[in-house]
Amino acid sequence: MIKYLIKRVLWMIPLLVGISLISFFIMHLAPGDITSNEASFNPKASEESRQRLRELYNLDKPVIVQYGLWLKRMATLDFGTSFASHQKPVFWQTKDKDGNVNKGLIQEALPITLLINVLGLMITLMLAIPLGIIAASTYNRWQDKSITLFNFIGFSIPGFWLSLLLMYWLGVVNNWLPISGLHSLNYESLDAFGKFKDSVNHLILPVLIPSITGLAGITLFVKNGMLDVFHQDYITTARAKGLSEHKVVYTHALRNALLPLITIVGLSIPGLIGGSVIAETIFAIPGMGKLFYDSVMMRDFPVVMGILTIGSALTLVGNLIADIAYAWADPRVRRGVVRD
Amino acid sequence: MSHNIFKKALANPLSKAGFIIIVMVFLLAMLAPVISPYDPDEINVKAILLGPSWQHWMGTDGLGRDVLSRMLFGGRISLLVGLVAVGISTAIGILLGAIAGYYRGWVDTLIMRLVDVMLSIPSFFLILAVIAFLTPSIVNVMIVIGLTSWMGVTRLVRAEFLSLSGREFVMASRTLGAKDARLIFTHLLPNSLTPIIVSSVLGIAGAVLMESGLSFLGLGVQAPQASWGNILTDGKDYIQFAWWLSLFPGLAILITVLGYNLLGEGLRDALDPRSSSNK
Numbered sequence: 001m002i003k004y005l006i007k008r009v010l011w012m013i014p015l016l017v018g019i020s021l022i023s024f025f026i027m028h029l030a031p032g033d034i035t036s037n038e039a040s041f042n043p044k045a046s047e048e049s050r051q052r053l054r055e056l057y058n059l060d061k062p063v064i065v066q067y068g069l070w071l072k073r074m075a076t077l078d079f080g081t082s083f084a085s086h087q088k089p090v091f092w093q094t095k096d097k098d099g100n101v102n103k104g105l106i107q108e109a110l111p112i113t114l115l116i117n118v119l120g121l122m123i124t125l126m127l128a129i130p131l132g133i134i135a136a137s138t139y140n141r142w143q144d145k146s147i148t149l150f151n152f153i154g155f156s157i158p159g160f161w162l163s164l165l166l167m168y169w170l171g172v173v174n175n176w177l178p179i180s181g182l183h184s185l186n187y188e189s190l191d192a193f194g195k196f197k198d199s200v201n202h203l204i205l206p207v208l209i210p211s212i213t214g215l216a217g218i219t220l221f222v223k224n225g226m227l228d229v230f231h232q233d234y235i236t237t238a239r240a241k242g243l244s245e246h247k248v249v250y251t252h253a254l255r256n257a258l259l260p261l262i263t264i265v266g267l268s269i270p271g272l273i274g275g276s277v278i279a280e281t282i283f284a285i286p287g288m289g290k291l292f293y294d295s296v297m298m299r300d301f302p303v304v305m306g307i308l309t310i311g312s313a314l315t316l317v318g319n320l321i322a323d324i325a326y327a328w329a330d331p332r333v334r335r336g337v338v339r340d
Numbered sequence: 001m002s003h004n005i006f007k008k009a010l011a012n013p014l015s016k017a018g019f020i021i022i023v024m025v026f027l028l029a030m031l032a033p034v035i036s037p038y039d040p041d042e043i044n045v046k047a048i049l050l051g052p053s054w055q056h057w058m059g060t061d062g063l064g065r066d067v068l069s070r071m072l073f074g075g076r077i078s079l080l081v082g083l084v085a086v087g088i089s090t091a092i093g094i095l096l097g098a099i100a101g102y103y104r105g106w107v108d109t110l111i112m113r114l115v116d117v118m119l120s121i122p123s124f125f126l127i128l129a130v131i132a133f134l135t136p137s138i139v140n141v142m143i144v145i146g147l148t149s150w151m152g153v154t155r156l157v158r159a160e161f162l163s164l165s166g167r168e169f170v171m172a173s174r175t176l177g178a179k180d181a182r183l184i185f186t187h188l189l190p191n192s193l194t195p196i197i198v199s200s201v202l203g204i205a206g207a208v209l210m211e212s213g214l215s216f217l218g219l220g221v222q223a224p225q226a227s228w229g230n231i232l233t234d235g236k237d238y239i240q241f242a243w244w245l246s247l248f249p250g251l252a253i254l255i256t257v258l259g260y261n262l263l264g265e266g267l268r269d270a271l272d273p274r275s276s277s278n279k
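Heads up: the protein sequence lines correspond to chains A and H, in order. My numbering applies: residue 1 is where the first sequence begins, and numbers increase by one. My numbering applies: residue 1 is where the second sequence begins, and numbers increase by one.
Keep in mind that the hints were calculated from the coordinates and are not lab data. Hints may be right or wrong, so weigh each one.
Straight line, CA to CA, 25 Å or less: simulated BS3-like cross-link-like pairs of lysine-lysine [as the list claims (entries may be wrong)]:
| hint | chain 1 | residue 1 | chain 2 | residue 2 |
| --- | --- | --- | --- | --- |
| 1 | A | K103 | A | K72 |
| 2 | H | K46 | A | K145 |
| 3 | A | K103 | A | K195 |
| 4 | H | K236 | A | K145 |
| 5 | A | K88 | A | K103 |
| 6 | H | K7 | A | K145 |
| 7 | H | K236 | H | K46 |
| 8 | A | K72 | A | K88 |
| 9 | A | K72 | A | K61 |
Small disclaimer: the values here were computed from a predicted structure and weren't measured.
Using the sequences provided together with the hints, build the complete structure.
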C-alpha cells in the first residue's frame with residue numbers, strides 16, 4: 001500500500017512538468033510581445049508595469065531559459081503579482097514591509113469555488129445514487145424509462161441557459177431568490193442567523209444548477225454499475241439463498257456498484273473547475289472561474305498562468321485522493337491482490 | 001458490421017428520435033437561405049423587441065432583426081463548428097491512438113502521458129485562454145475545441161489496436177508478411193471504426209455545447225454573424241422584457257445536443273455486447 005502510494009505520487013511529477021509546459025506555451029500564443037499585447041488591452045498598464053513584466057518573465061532571454069526560470073519560481077509557489085488588481089499577489093498572501101497582509105487572488109477565490117462545487121457534488125450524489133438504484137431495479141419499466149429520458153435532457157441542456165431561465169423565473173419574476181453575488185448589500189447589518197440565511201439564499205441557484213446538469217452522468221453511472229453487479233454470481237447466490245430483494249440490492253449490490261463512483265467523482269474535478277467559469281460569470285460570484293475569465297479578458301498573464309497551473313494541480317490532487325480512497329475502500333487493492 | 005449496428009441502433013425508439021432530430025435540424029440549417037422569412041442581418045428600427053407573432057414567429061431582437069431567420073442561419077454555424085471541431089479531434093485521436101497502440105514502447109508511454117496531462121488541465125480554462133489570446137473567430141473556436149478534445153478518441157483507438165493486435169486474423173496477416181501500413185489501414189483501423197463513430201457523435205454534442213458556451217461569453221462566433229450562443233447572449237440583456245430572445249436559442253441548442261446524444265448512446269448500446277438489446 002505504501003509502495004503504491006509513493007509510486008502514485010511520483011507519477012504526478014512528470015504530469016506537473018507537462019502541465020507547466022502547456023501553460024507556458026499558452027502565454028506565448030498571444031501574437032507579438034506579450035508586453036505590448038497586455039498594454040494594448042489594458043489601459044492601466046504603464047511603461048513601468050511593462051518593464052516589470054519583461055523582468056518577471058525574462059523576455060530578453062531565450063525561450064528555454066525563460067521556461068526554466070519560470071518553472072523555478074513556480075516550484076516555490078511564487079506566481080508573481082497581478083497586473084490588473086493593484087498588484088495583488090496571484091496565489092497566496094504576502095506581507096509588505098509595513099506588515100500589511102496582502103491577500104492572494106487565488107487564495108480568496110478558491111475557497112468560494114470549492115465550497116460551491118463540494119456542495120453541488122453532495123447534492124448531485126444524494127440525488128443520483130437513489131435515482132440510479134431505482135433505474136437499475138426497475139430496468140426497462142416506466143420508472144427506468146423516465147429516469148433515462150431525464151438523463152438525456154440533463155446531458156443536453158446548456159447549463160448557462162438553465163441558469164438564465166431560473167434566474168429570470170425565481171429571481172426576477174417572483175423575486176424569491178437573489179440573482180447575483182454572494183451577499184446582499186445589507187449583509188453586514190444582519191444578525192448571525194440573517195447572515196446565514198442570506199448566504200444560503202445566494203448560494204441556492206449557483207449550487208443547484210451545476211448539480212442538476214451533473215446529475216445525469218452520475219445517475220447513469222450508478223445505474224450501469226448496479227446492472228453490472230446484478231449479473232455477478234454472488235448476487236445470484238444471495239438471491240438463491242433466499243435473501244430479501246431489499247437486502248440483495250442494498251447490502252450486496254450497492255456497495256460494489258458504488259466503488260467505481262469514487263474514481264468518477266475524482267475524474268469530474270477538471271470539468272467542475274472549468275465549468276465554474278460560466279456559472280460564476282452569470283451569478284457574479286467571485287470564485288476561480290470568474291477570476292479566470294476576468295483575467296483572460298484583461299490579459300492578466302500572471303493570474304491566467306497561475307490559475308491554469310493551480311487548477312490542473314488541484315485536478316491531480318483530486319485524482320490522487322480518489323485513488324487513495326478507492327484503494328482504501330476496495331480490499332482487493334488494499335491488500336495488494338489486484339495491481340492498478 | 002457497422003451497417004448492422006446502425007440498423008440495430010435505429011430500431012431503438014430513442015436513437016431513432018435522435019436521428020430524426022439531427023436530420024431535421026440539418027435540413028432547416030441547410031435550407032436557411034430559402035426558408036428564412038427575412039434577411040438575418042437586416043436591422044429594422046420600427047420592429048425592435050417585438051414578441052412572437054405571425055409576422056415574426058420568434059419575435060425580433062434589440063435591433064429589430066427577425067429571430068427566426070437568425071436562428072436558422074445561426075444553426076448553420078453551430079452545426080458546422082460541431083462537425084469541424086470533432087473532425088479535427090477525431091483525426092488527431094486516430095493518428096495518436098494508432099501510433100501508440102501499434103508501435104507501443106516509449107512512443108506509447110509518451111503519448112499516453114500527454115493524454116494524462118491534457119486531461120488534468122481543466123479544458124474550459126484552456127480553451128478560453130487560447131481563444132482569448134488568439135482572436136476569437138469561428139475558425140479559431142473550431143480548431144481550439146478540436147485541439148483540446150482528442151484525448152478520449154486516442155485512448156479508444158489505442159485500446160482497440162491493442163486488443164485487435166492479438167487476434168488471429170491480424171497475426172495471420174502479419175505472419176504472411178503484411179507491412180505496417182497494410183495492417184493498420186486494412187485490418188486494425190476498419191475494425192476500430194464503430195466505437196470511433198460512437199464517440200464522434202457524442203463528441204459533436206459536447207462541441208455544440210462548448211461553442212454555445214464560448215459564444216455566450218463573447219469569445220465564440222462574433223457579431224453580427226448569428227450563432228445560437230450569441231443570440232442567447234443578446235437575450236440575456238433583455239431577459240426582463242423579451243423572454244423569446246433567451247428561450248428559442250436555448251431550446252435549439254438543447255434539441256440539437258439531445259439529438260446527437262440520443263443517436264450516440266443508441267449506437268453505443270447497439271455496439272455494447274453486454275447491453276440488454278443484444279441479449
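Fill in: Hint numbers contradicted by this structure
Structure breaks hints 2, 4.
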